[in-house]
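Participant: Each chain, written out:
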Amino acid sequence: MNPLSAIWNFLYRSFHRLGSPREFYKISTYATPIFGLLFLGLCLVGSYLGLFVAPADYQQGESYRIIFVHVPAAWLSLFVYVVMAIAGAIGLIWRMKMAFVVAICSAPIGAAFTALALVTGSLWGAPIWGTWWEWDARLTSELILLFIYFGVMALYYAFEERKTAERAMAMLSVVGIVIVPIIHYSVEWWSSLHQGATVFRDGGPAMPASMLTPLLLMALGYTFFYGYVLFLRARNMVLHNERKSKWVKEMFTENL
Amino acid sequence: MNNTFILFYRREWQLMFRNTSTLVQPLCFFVIIALLFPFSLPAENELLRRIGGGVIWVSAVLATLLSLESMFKADFQDGALEQWLTHPRSLAVAMMGKAFAHWSATGLLLTLFSPVLCLTFRIPTEQIWVLFLGLLLGTPSLSLIGAIGAALTVTLHRGGVLLAIIILPLYIPILIFGAGMITQSAQGADIAGQVYALLAMLMLSITLAPFAIAGALRATIE
Amino acid sequence: MPDQPASLIAEGLECIRGERTLFSNLSLALREQQCLHVVGANGSGKTSLLRIISGLNRADQGEILWHNETIVNNPRFFKESTQIGHKDGIKNELTAAENLAFYQQLEGVDDESLVDQYLAQMGILRCADLTANRLSFGQRRRLAFARLLQPIYKLWILDEPFTGIDVDGRQLIENVCLDHLNNGGMIVLTNHQDLQRSLLGGHLVELQL
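Chains as they are written, first to last, in this note's numbering: chain L, 100 to 355; chain W, 76 to 297; chain V, 114 to 322.
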């Protein structure tokens, strides 16, 4: 067997194993603490480097350090959406239970990252721009993203029958993934019509490594934090969804 | 008469002529919303002229949204949707026919009426045509994208507010380019970019939205 | 024709609605000229089973075959089967004739004389030009059945076809069903009363849920 097809077979098998709620629960028992530890380690190191080691900005002084919270949150707000939409599409196409669970559990996490990016952006804007809110392209499209997250969650909770709710929510997140980039570019175009580029600028000033390293560490830490919280939420939801099944019952009677 | 699109388009018109309120209500709503703005703003002609285009666009979006809720409601309640779902004819094409019929009864009607509203806002003639063109290119996308939301919420008893929450954010690009056309032309700038953007979004809606509508119906009716 | 292979086969069906498992490991086979009577108490999953057989819902487990091919995305099955549920798919704003004509056009047939013929067969020709909201419940039911008379349908899936109609109407519908079966058709239906002594008695297969 050539190595390529061996890799393919391995991926295919693990995909199917993860697709079963029971297997997911088993695997995630080990994966969850690993993700938690990675998140903790990366964010501690990143925060230390960002807050104490990195030099102050020559224009913005110390206040720029909010970047180490703000930028990773903004990145994750989009990353989580992409994960949610892909999981939703997988669930719709292959009728895979776990994919829906991942999609639904991602939505509130993504919304939280979006809200965090907006709040930290606003806090940052107050001293630098002298205003809490600016109709800037990035701010505006982030705000719209928050509303799309709200819509996806509201749709899920509007249905009584879980299976219907899962499919409807997945459908909306897939539609959103087509429209989100369009919204982003249209808002950018709209904003540039009204005002010139402000603080944010495409291909802006290159960042020294002492600032870039903590930023990337924080971003990676945030990603593991997302994985960690996603696992926690998904494990809860799997137990709730499968509470009638034999393996859940057995697991809990054994522990009694 | 073997064309699914024409079959469903014709049927919608037949139903709308029997129930003319579906034709009249969105238009009335459109006019009333637009006319609320002058009452809530300082009575300055210059201000009205500047905001008129945007106001008319927002009114068109809201009027479309209002009429969306009932788009699939009756077909769901009397079981017609279930007949189409278990029929070999393409559900996507059928729903495209339905969405275009919806557009003819709301978006197209609003577009045809918009020049009259423009006069009340004292918008100059050349910009009236710009607004007309923008609405003509933008409102079909409103109907097509909105139909996805209508399909997703058709089984819910109180789907109206939810429909607005999930659909309005998706309308923003169309609103930006549609209303942007008027601002641009008022400054004497070229509007070709916005026309192309609206056309591109229309093409995208025509090709993808019918499948999303069909998928949404299959997802929620089951 | 007992040696004839079954056209409709279901294997190991399972249906879960919310908390409850309505049925599991349910199998059935239906041949031409047979009428499957699904029997069960309220809430036992009769309607769910019919929706699964008609292709509206998917079973949580198991599959359904039509001439040895799965019914999922199977145009042949959707062409040859039709269903009437609690909701009849009739538009209040349209006349009886217009309603029927649309369902004919949906099948690619545009023939006004056939519309009249089907309406006459169901005994509602005099209501042809009344809008459906002016029809009585029984007349509406007959109009819904007039749609089934199109010869393209082999399998009828009927959810409680005999509720709310008078003795004459019931007799008529039983006769229509009998003709369909004798012409090689198949029926899956639910009904609260026993059907053994009805006209369909000779064709019945019972399925207890």
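Bear in mind the hints are in silico, worked out from the structure with no lab data behind them. Here the structure is a predicted model, which means the values were calculated and not measured. Even glycine gets a Cβ: it sits at the ideal position worked out from N, Cα and C. Among the hints, erroneous ones may be present.
Below are the DSBU-like pairs computed for lysine-lysine, each with C-alpha atoms no more than 30 angstroms apart in a straight line [to be verified]:
| # | chain 1 | residue 1 | chain 2 | residue 2 |
| --- | --- | --- | --- | --- |
| 1 | L | Lys125 | L | Lys196 |
| 2 | W | Lys148 | V | Lys192 |
| 3 | W | Lys148 | L | Lys196 |
| 4 | V | Lys200 | W | Lys148 |
| 5 | L | Lys348 | L | Lys125 |
| 6 | L | Lys343 | L | Lys262 |
| 7 | L | Lys345 | L | Lys196 |
| 8 | L | Lys196 | L | Lys348 |
| 9 | L | Lys348 | V | Lys200 |
| 10 | L | Lys262 | L | Lys196 |
| 11 | L | Lys348 | W | Lys148 |
| 12 | L | Lys262 | L | Lys348 |
| 13 | V | Lys192 | L | Lys262 |
Computed footprint of chain L on chain W, listed as stretches where at least three residues anywhere in the stretch have a Cβ under 8 angstroms from a Cβ of chain L [unchecked claim]:
| # | stretch |
| --- | --- |
| 14 | 243 to 256 |
| 15 | 279 to 292 |
The following residues of chain W were derived to be distant from chain L, with all beta-carbon distances above 12 angstroms [claimed, not checked]:
| # | residue |
| --- | --- |
| 16 | Phe80 |
| 17 | Tyr84 |
| 18 | Thr95 |
| 19 | Leu98 |
| 20 | Phe104 |
| 21 | Val106 |
| 22 | Ile107 |
| 23 | Pro113 |
| 24 | Ser115 |
| 25 | Glu119 |
| 26 | Ser145 |
| 27 | Ala149 |
| 28 | Asp153 |
| 29 | Leu187 |
| 30 | Thr195 |
| 31 | Ile296 |
Participant: Would you mind marking each hint as holding or not holding in the structure?
Facilitator: Checked hints:
About 16 angstroms separates the Cα atoms of L/Lys125 and L/Lys196, which keeps this hinted pair within 30 angstroms; it holds. At roughly 25 angstroms between alpha-carbon atoms, W/Lys148 and V/Lys192 fall within 30 angstroms of each other, so this suggested pair holds. The straight-line distance between the Cα atoms of W/Lys148 and L/Lys196 is roughly 29 angstroms, inside the 30 angstroms bound, and the hint therefore holds. As the CA atoms of V/Lys200 and W/Lys148 are separated by approximately 13 angstroms, the hinted pair is consistent with the 30 angstroms bound.
As the CA atoms of L/Lys348 and L/Lys125 are separated by approximately 15 angstroms, the hinted pair is consistent with the 30 angstroms bound. Under the criterion of a C-alpha separation no larger than 30 angstroms, the hint pairing L/Lys343 with L/Lys262 is consistent with the structure, at around 15 angstroms. Restraint check for L/Lys345 and L/Lys196: satisfied, since their Cα atoms lie roughly 17 angstroms apart, inside the 30 angstroms limit. Pair hint L/Lys196 plus L/Lys348 holds up; C-alpha atoms about 19 angstroms apart against a cutoff of 30 angstroms.
Pair hint L/Lys348 plus V/Lys200 does not hold up; C-alpha atoms about 40 angstroms apart against a cutoff of 30 angstroms. Proposed proximity of L/Lys262 and L/Lys196 is supported: the alpha carbons are some 9 angstroms apart, at most 30 angstroms. With a C-alpha separation of about 41 angstroms, the suggested pairing of L/Lys348 with W/Lys148 is violated against the 30 angstroms cut-off. Taking the CA atoms of L/Lys262 and L/Lys348, the gap is about 22 angstroms. The hint holds against a cut of 30 angstroms.
With a C-alpha separation of about 27 angstroms, the suggested pair V/Lys192 and L/Lys262 falls inside the 30 angstroms cut-off, and the hint holds. Proximity of the stretch 243 to 256 of chain W to chain L, defined as three or more residues with a beta carbon under 8 angstroms from a beta carbon of that chain, is established by the 8 residues found. With a threshold of 8 angstroms between beta carbons, the proposed coverage of the stretch 279 to 292 of chain W by chain L holds, since 5 of its residues qualify and at least three are required. Consistency note on W/Phe80: stated as away from chain L, and its beta-carbon is indeed over 12 angstroms from all of that chain's, at 22 angstroms minimum.
Residue-level check passed: W/Tyr84 sits 23 angstroms from the nearest beta carbon of chain L, beyond 12 angstroms. Listed as a non-interface residue, W/Thr95 keeps its Cβ farther than 12 angstroms from every Cβ of chain L; the least gap is roughly 32 angstroms. For W/Leu98, the condition that its CB be more than 12 angstroms from all CB atoms of chain L holds, with the nearest at approximately 28 angstroms. The claim that W/Phe104 lies off the interface holds: its Cβ sits roughly 23 angstroms from the closest Cβ of chain L, which is beyond the 12 angstroms cut-off.
Remark: the non-interface label on W/Val106 is consistent with the geometry, its nearest Cβ contact in chain L lying 27 angstroms away (cut-off 12 angstroms). The Cβ of W/Ile107 lies farther than 12 angstroms from every Cβ of chain L, with a closest approach of about 26 angstroms, so its non-interface assignment holds. With 12 angstroms as the threshold on Cβ separation, the claim that W/Pro113 sits away from chain L holds: the shortest Cβ distance comes to roughly 24 angstroms. Every Cβ of chain L is farther than 12 angstroms from the Cβ of W/Ser115; the closest lies at roughly 21 angstroms, confirming the non-interface assignment.
Non-interface status of W/Glu119 relative to chain L is upheld: no Cβ of that chain comes within 12 angstroms, the nearest being about 21 angstroms off. For W/Ser145, the shortest C-beta to C-beta distance to chain L comes to about 18 angstroms, beyond the 12 angstroms cut-off, and the non-interface label holds. Every C-beta of chain L lies more than 12 angstroms from that of W/Ala149, the closest at about 20 angstroms, which supports listing it as non-interface. The Cβ of W/Asp153 lies farther than 12 angstroms from every Cβ of chain L, with a closest approach of about 20 angstroms, so its non-interface assignment holds.
No beta-carbon of chain L is positioned within 12 angstroms of the beta-carbon of W/Leu187; the least distance is around 26 angstroms. For W/Thr195, the requirement that its beta carbon stay farther than 12 angstroms from each beta carbon of chain L is met, with the minimum near 26 angstroms. The non-interface label for W/Ile296 is inconsistent with chain L: the shortest C-beta to C-beta separation is roughly 9 angstroms, within 12 angstroms.
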